[in-house]
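Heads up: the protein sequence lines correspond to chains A and B, in order. Be aware that the first sequence starts at 1, since it is given in the UniProt record's numbering, and climbs by one per residue. Be aware that the second sequence starts at 1, since it is given in the UniProt record's numbering, and climbs by one per residue.
Bear in mind the hints are in silico, worked out from the structure with no lab data behind them. A couple of the hints might just be wrong.
[To be verified] Here are the simulated DSBU-like cross-link-like pairs (lysine-lysine), alpha carbons at most 30 Å apart as the crow flies:
#, chain 1, residue 1, chain 2, residue 2
1, A, K23, A, K218
2, B, K338, B, K229
3, A, K218, B, K4
4, B, K363, B, K338
5, B, K316, B, K251
6, A, K218, B, K2
[To be verified] Beta-carbon label-pair distances, calculated as ranges:
#, chain 1, residue 1, chain 2, residue 2, range
7, B, N22, A, Y289, 48 to 58 Å
8, A, V147, B, K4, 56 to 66 Å
9, A, F439, B, K4, 17 to 27 Å
10, A, I417, B, N22, 42 to 52 Å
11, A, R497, B, R385, 57 to 67 Å
Think of the CB as a built atom: it goes at the ideal place given N, C-alpha and C, for glycine as much as any other residue.
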Amino acid sequence: MMDTEKQPALFHCSLDENLEKVKKELGNSTDLVTRQVRLEAVDQLLVGILYTEGLVDKNMISSFLESLMIHARKTVIPTEAEREVEPLMLMKDFLLTMGGVEEVYDFDHLYDAILTGDTVMLVEGYTYGFIINTKQWEDRGVQEPSVQTVVRGSREAFSENLRTNTALVRRRINNRNLWLETVQVGEMTQTKVAMMYIKGVVQDSVVTEVRERLGQIKIDGILESGNIEELIQDHTFTPFPTVYNTERPDSVAAGLLEGRVAILVDGTPIVLLVPAVFVQFFQSPEDYYMRADFGILRILRLISFFVALLGPSIYVAITTFHQEMLQTNLIMSIAAQREGVPFPAAVEAMLMEFTFEMLREAGVRMPRAVGSAISIVGALVLGEAAVQAGLVSPATVIVVSITAITSFVFPSFSMSIPIRLLRFGLIALAASFGFIGIFVGMIALCIHLCTLRSFGVPYMAPLAPMNLADQKDTLLRIPIWMMHTRPHFLRQKNSVRERKSKI
Amino acid sequence: MKRKGVLLLTLTLLVFLTGCWNRRELNDLAIVMGTGIDKINGEYVISAQIVNPGAVASTNSGKISQSAVATYSMRGSSIFEGIRRMTTETPRRLYFSHIQVLVLGEQVAREGIKEALDLLFRDHEVRPDFYVILAKDTTALQILSMIDPLEKIPATKLYKSLETGEKAWGSIVSMRLDEVIADLLREGVEPVLVGATLKGRVQTGTTDISSQKDSQPNLLKYQDIGVFKKDKLLGWLNEEESIGFSYITDKVDSTVEEIPCDKKHKIDIEIIRSKTTVNGKVKNGNPQIEISVSAEGNVGEVACPKDLSNPQTIYKLEADVEKRIREKIVSAIHKAQKQYHSDVFGFGQSIYHNDPKGWEKVKEDWDSEFTDLNVKIKVDVRLRRTGKVGNSFIPFIKKD
Numbered sequence: 001m002m003d004t005e006k007q008p009a010l011f012h013c014s015l016d017e018n019l020e021k022v023k024k025e026l027g028n029s030t031d032l033v034t035r036q037v038r039l040e041a042v043d044q045l046l047v048g049i050l051y052t053e054g055l056v057d058k059n060m061i062s063s064f065l066e067s068l069m070i071h072a073r074k075t076v077i078p079t080e081a082e083r084e085v086e087p088l089m090l091m092k093d094f095l096l097t098m099g100g101v102e103e104v105y106d107f108d109h110l111y112d113a114i115l116t117g118d119t120v121m122l123v124e125g126y127t128y129g130f131i132i133n134t135k136q137w138e139d140r141g142v143q144e145p146s147v148q149t150v151v152r153g154s155r156e157a158f159s160e161n162l163r164t165n166t167a168l169v170r171r172r173i174n175n176r177n178l179w180l181e182t183v184q185v186g187e188m189t190q191t192k193v194a195m196m197y198i199k200g201v202v203q204d205s206v207v208t209e210v211r212e213r214l215g216q217i218k219i220d221g222i223l224e225s226g227n228i229e230e231l232i233q234d235h236t237f238t239p240f241p242t243v244y245n246t247e248r249p250d251s252v253a254a255g256l257l258e259g260r261v262a263i264l265v266d267g268t269p270i271v272l273l274v275p276a277v278f279v280q281f282f283q284s285p286e287d288y289y290m291r292a293d294f295g296i297l298r299i300l301r302l303i304s305f306f307v308a309l310l311g312p313s314i315y316v317a318i319t320t321f322h323q324e325m326l327q328t329n330l331i332m333s334i335a336a337q338r339e340g341v342p343f344p345a346a347v348e349a350m351l352m353e354f355t356f357e358m359l360r361e362a363g364v365r366m367p368r369a370v371g372s373a374i375s376i377v378g379a380l381v382l383g384e385a386a387v388q389a390g391l392v393s394p395a396t397v398i399v400v401s402i403t404a405i406t407s408f409v410f411p412s413f414s415m416s417i418p419i420r421l422l423r424f425g426l427i428a429l430a431a432s433f434g435f436i437g438i439f440v441g442m443i444a445l446c447i448h449l450c451t452l453r454s455f456g457v458p459y460m461a462p463l464a465p466m467n468l469a470d471q472k473d474t475l476l477r478i479p480i481w482m483m484h485t486r487p488h489f490l491r492q493k494n495s496v497r498e499r500k501s502k503i
Numbered sequence: 001m002k003r004k005g006v007l008l009l010t011l012t013l014l015v016f017l018t019g020c021w022n023r024r025e026l027n028d029l030a031i032v033m034g035t036g037i038d039k040i041n042g043e044y045v046i047s048a049q050i051v052n053p054g055a056v057a058s059t060n061s062g063k064i065s066q067s068a069v070a071t072y073s074m075r076g077s078s079i080f081e082g083i084r085r086m087t088t089e090t091p092r093r094l095y096f097s098h099i100q101v102l103v104l105g106e107q108v109a110r111e112g113i114k115e116a117l118d119l120l121f122r123d124h125e126v127r128p129d130f131y132v133i134l135a136k137d138t139t140a141l142q143i144l145s146m147i148d149p150l151e152k153i154p155a156t157k158l159y160k161s162l163e164t165g166e167k168a169w170g171s172i173v174s175m176r177l178d179e180v181i182a183d184l185l186r187e188g189v190e191p192v193l194v195g196a197t198l199k200g201r202v203q204t205g206t207t208d209i210s211s212q213k214d215s216q217p218n219l220l221k222y223q224d225i226g227v228f229k230k231d232k233l234l235g236w237l238n239e240e241e242s243i244g245f246s247y248i249t250d251k252v253d254s255t256v257e258e259i260p261c262d263k264k265h266k267i268d269i270e271i272i273r274s275k276t277t278v279n280g281k282v283k284n285g286n287p288q289i290e291i292s293v294s295a296e297g298n299v300g301e302v303a304c305p306k307d308l309s310n311p312q313t314i315y316k317l318e319a320d321v322e323k324r325i326r327e328k329i330v331s332a333i334h335k336a337q338k339q340y341h342s343d344v345f346g347f348g349q350s351i352y353h354n355d356p357k358g359w360e361k362v363k364e365d366w367d368s369e370f371t372d373l374n375v376k377i378k379v380d381v382r383l384r385r386t387g388k389v390g391n392s393f394i395p396f397i398k399k400d
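So here's chain A without its partners, still in its complex pose:
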């Protein structure tokens, strides 16, 4: 809790006083429901019930009340002489038909319970009560993934409910070694954050490291797994994501099987996987569901990476510094397009890239209803009008469009953000120094990528440091029956994935 030094506030004997105190401390919040019931069967006990409306399962509440008020009379309860225990314990044993029942002794735990959807039962004359698990709140339910879609593969995506999410993972890995740890992060929000891993596969030090980093977070609130990601990543100043995120339970299950740790945060469908490596962002779950030759598409994605990163800068470098590199006919047609364009190629490219990025941003933010209007304007401005007005050359439009398309090729959206950023830097370098600038930029980028680590694993693994055995799932995916081991760079305890299963 916030202040561990403070003594926990214990309950009074008087039920009224307890209820009043709770109401007062919750600021008479209107969604708090309190109810008093007199149990005629059990010593005429006065029972108070507290819960938060909207967070509880109404059916459970009504059946709970039913059991107290109706069933209690029918139930054969030992007579006063026979019983050796307190009436409250008796109630727990005979009357509370709910699954999870715990005792509660102080107000802090009471608040915790009622604010997370449990029902608390206090009894007149006793200084403890029961927490009854009645959590159930409005939930989107398990829906189809909206970002990481595949043609072949599971159609389930995580939702906002932590319990649903852990269940989705457990349904895929029915193994007692799939362990789940939950911590509460955020001093205000008390958000539940769960770590999942497969004991015996995962490297223990990674689990310890994740646990420590989660424990070190001191912040008022966690609203999304992105908050956690930023707080636990190894390098703060890098455009590249060093934590993988996904909305697909099958991706998480695959990650766990490879020896990664999944971090699930209550209230978001995005689950984190660590450690993450560079090539992981080019892997789609589909690569493993389709036949192995489909894995060739990885190369396409890698090419797209370079096109998206370097497309405009190479265009600028060639047209302003290295005109001799192009074939004569090509240079002629590009030169013809540039006739009469008032801006230098670099400015032109920057202009178009900015316009495109703005359109993209607007496309995400704008209300659905005006979407088509913006896209018509965007297409006209970007394509037709700008060219016809002679402000930009058609070749630039082509280059920018190709770049735009290629930046959507990656299965993981988080990889397209660094590319979008770095592209502008590279255009500036290309405009100032030509290919020399681009090369210096690329070398700097390489050095930077090689210094990155994600939870102790080199970011560029298994390319740098090179591990020949791990290449089976890097640029290509070899058939599953040939993938005998899990990727070594994660240094699992148990690296055997598959043994001659093919006949």
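Using the hints, position chain B against chain A.
Just chain B now, with coordinates in the frame of chain A:
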């Protein structure tokens, strides 16, 4: 952290404060497609053919009223001087990376080409992979100015018809600048350059297509190979000798050999493959050259009644083609030996390659050795196919 920030700021400023050294926008460049060098009254006249991209690129194909190229020329005591002085005429800076042909005027070639080539070989902007050709009986400027209706850019026309002609006919040889320089430097070989010449009605300096609409298109053609000694042009090999030259230097891709079959008619054999090896050695102080040509051909055109289904006919044809090729080779060698005394075939080179020690003995007076050189020629021709039909239909045409 502060120092890092300063460093980062410096680096960022470095990018933006350089002023973009050497930056050239495409629309500030005058792309030179062809260059010509003439010599008039002891002074060089440089011509540069600048392309107008707007008129060439397909986007503007609707309006061809614009002229596709502009050919500027300027005098200068050196090439460099001429080129730089030309900027007083041209609106943009000349950009030489995309040169496709260099045309040397006959006058320059006769007086020596070495000075003319140095700049283009030295300058970093110029790629030495363009073709060098000669203007035969005319000036380079004239050659560059001839418009062809199919190719809007004369330099491209020169470039393309050189490549096609070399592949399909064999009487012309393409020489890139680096090859010319290499031939000038290597012992035992002299350079050759193909000549382009004008034919038919000539309009001076026409660069506008519309004015050419009625005239016959083929005003310009490649003809003859110019024989050099060192860097000076001595004379020309005619078409037949040129094909002979191509056979010797293994440059024949495909050509056509004509064989008389009776008094009036001929059979044409298409050579589809040809391989020549030249072996040179020095025996008893005497250099000897052995040329062996092995070619494959098809029957291409038959104008007389011959029974092609009979193998004997084919053998006879093969022997005839061999004889024909031999004649061409002999005539080329004869002219080079007796008239020009110039080893354009690289016989010295092949001796040097096969018998380096022997070459040391003969290289001192190779010129005279070459003139009296004993050349053995072996030609082997195989005919493969006779086309879609066997015997010609000509003898079977119904008579009146």
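Violated constraints from the hint list, given by number and in increasing order:
8 and 10
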